[in-house]
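Work the whole structure out from these sequences, hints included.
There are 2 protein chains.
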Amino acid sequence: MHPIGQIRSPYKRSKDIPIQGIFNNEVEAWIELEQKYAAGLKDLEDFSHAILLYYFHQSHREDIEGQPFLEPDKHGIFAIRSPHRPNHIGLSIVKIEKVEANKLYFSQVDMLDGTPVLDIKPYVRYFDGRDNVRCGWLDKHFKDGNIPDRTVPK
Amino acid sequence: MHPIGQIRSPYKRSKDIPIQGIFNNEVEAWIELEQKYAAGLKDLEDFSHAILLYYFHQSHREDIEGQPFLEPDKHGIFAIRSPHRPNHIGLSIVKIEKVEANKLYFSQVDMLDGTPVLDIKPYVRYFDGRDNVRCGWLDKHFKDGNIPDRTVPK
Numbered sequence: 001m002h003p004i005g006q007i008r009s010p011y012k013r014s015k016d017i018p019i020q021g022i023f024n025n026e027v028e029a030w031i032e033l034e035q036k037y038a039a040g041l042k043d044l045e046d047f048s049h050a051i052l053l054y055y056f057h058q059s060h061r062e063d064i065e066g067q068p069f070l071e072p073d074k075h076g077i078f079a080i081r082s083p084h085r086p087n088h089i090g091l092s093i094v095k096i097e098k099v100e101a102n103k104l105y106f107s108q109v110d111m112l113d114g115t116p117v118l119d120i121k122p123y124v125r126y127f128d129g130r131d132n133v134r135c136g137w138l139d140k141h142f143k144d145g146n147i148p149d150r151t152v153p154k
Numbered sequence: 001m002h003p004i005g006q007i008r009s010p011y012k013r014s015k016d017i018p019i020q021g022i023f024n025n026e027v028e029a030w031i032e033l034e035q036k037y038a039a040g041l042k043d044l045e046d047f048s049h050a051i052l053l054y055y056f057h058q059s060h061r062e063d064i065e066g067q068p069f070l071e072p073d074k075h076g077i078f079a080i081r082s083p084h085r086p087n088h089i090g091l092s093i094v095k096i097e098k099v100e101a102n103k104l105y106f107s108q109v110d111m112l113d114g115t116p117v118l119d120i121k122p123y124v125r126y127f128d129g130r131d132n133v134r135c136g137w138l139d140k141h142f143k144d145g146n147i148p149d150r151t152v153p154k
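Here the protein sequences line up with chains Z and D, keeping their order.
Quick note on numbering: the first sequence equals residues 1 to 154 in my numbering.
Quick note on numbering: the second sequence equals residues 1 to 154 in my numbering.
Hints in this document: simulated from the structure, not taken from any laboratory.
Hints may be right or wrong, so weigh each one.
[As the list claims (entries may be wrong)] Derived PhoX-like pairs: lysine-lysine, alpha-carbon spacing no greater than 25 Å straight-line: (1) D:Lys103 x D:Lys42; (2) D:Lys140 x D:Lys103; (3) D:Lys95 x Z:Lys140; (4) Z:Lys143 x D:Lys103; (5) Z:Lys74 x D:Lys95.
[Claimed, not checked] Simulated coverage check for chain Z against chain D, where a stretch passes if three residues somewhere in it have a Cβ under 8 Å from a Cβ of chain D: (6) 4–15; (7) 24–32; (8) 37–43; (9) 120–133; (10) 136–149.
[Stated by the list, open to error] One side of the interface only, derived from the structure: several residues of chain D facing chain Z at Cβ under 10 Å: (11) Ile4; (12) Gln6; (13) Trp30; (14) Lys42; (15) Leu53; (16) Lys95; (17) Leu118; (18) Arg134; (19) Gly136; (20) Asp139.
By construction, the Cβ of each residue, glycine as well, lies at the ideal position given by its N, Cα and C atoms.
Below is the structure:
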């Protein structure tokens, strides 16, 4: 595994980041791909969203259970989205703004500046969308369209 | 990066696999996690779906552009889901059937038997679902609810 590029983001500290980018549409960031991968972005601009895989480079521990932002209860690491996980791979769905040469500009940002990028995939609703889903311990926080206070830092 | 477990799947050859697991609900598979990660599965069974990240261990090349299953046109590697991509990370949304000790049983399978697993994340529609999306070169194949012939091998 090797970084294919880097995220340039206005977020310099973990504590400023929303728990997921979808809860803060105003912020923009971009990926600066290594030049040799620039041609790999061809036709990506025809998609509205991308799946970014990146490396949680500021996490230096691997938990097996963890306590999420939204509640004090502990859950298995594979039932939460904590960075302190085996292999430290982060995943976010982002909104594509534009592609220019080796740069992919996007909104719905929840990554630190300098984050190493591992992969970019097109978000394909025919493959990646699911209806009638149960979301475990999270459902009570988002019940009836509620957006919990703690999704964006104060 | 290291495997946290392995996928046990009925698919022994790439050519038998549907292009995405969602198009074949009947098949079941399971992840056999390394014992030391078993506690990480706590509470995952309360979710209906999981995001699996795994290693395309049968791919030994990195393309910058590629031709997808569904059409002859070439696209940038980051606009298709080909395994022959930088870092060879695969991503699938699967339906959770049950969790037993260090085993996660699931359907909507599109991985080869023996595939090394890198991460398991809960699928959270509040973070991962998107409406009103454009899916580039794929939209014409899935227009008006069409499911293309080539999504499942004959």
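Given the hint that Lys140 of chain D pairs with Lys103 of chain D, does the C-alpha gap stay at or below 25 Å? violated (38 Å)
Once the shortest beta carbon distance from Trp30 of chain D to chain Z is found, is it less than 10 Å? violated (14 Å)
Does the alpha-carbon distance linking Lys143 of chain Z and Lys103 of chain D stay inside the 25 Å limit? With Cα atoms ~30 Å apart, Lys143 of chain Z and Lys103 of chain D exceed 25 Å; violated.
Given Gly136 of chain D was flagged as interface, is its beta-carbon under 10 Å from a beta-carbon of chain Z? This interface hint holds because 3 Å falls under the 10 Å limit.
In terms of beta carbon proximity below 8 Å, does the segment 24–32 of chain Z have 3 or more residues touching chain D? n = 0 at 8 Å, threshold three: violated.
Are there three or more residues in the segment 136–149 of chain Z whose C-beta lies closer than 8 Å to some C-beta of chain D? holds (count 4)
Holds or violated: are the alpha carbons of Lys74 of chain Z and Lys95 of chain D at most 25 Å from each other? holds (23 Å)
With a cut-off of 10 Å, does the beta carbon of Lys42 of chain D approach a beta carbon of chain Z closely enough for the hint to hold? holds (3 Å)
Stated coverage of the segment 37–43 of chain Z by chain D [criterion: 3+ residues, CB within 8 Å]: holds (count 6)
Minimum Cβ distance from Arg134 of chain D to chain Z below 10 Å? Nearest chain Z Cβ about 4 Å off; hint holds.
Interface restraint verdict for Leu53 of chain D against chain Z (beta-carbon cut-off 10 Å): The hint holds - Leu53 of chain D has a Cβ within 10 Å of chain Z, the shortest such distance being about 6 Å.
For the segment 4–15 of chain Z, do at least 3 residues have a Cβ located nearer than 8 Å to some Cβ of chain D? violated (count 1)
Hint compliance for this structure: hints 2, 4, 6, 7, 12, 13 are not met, and every other hint is.
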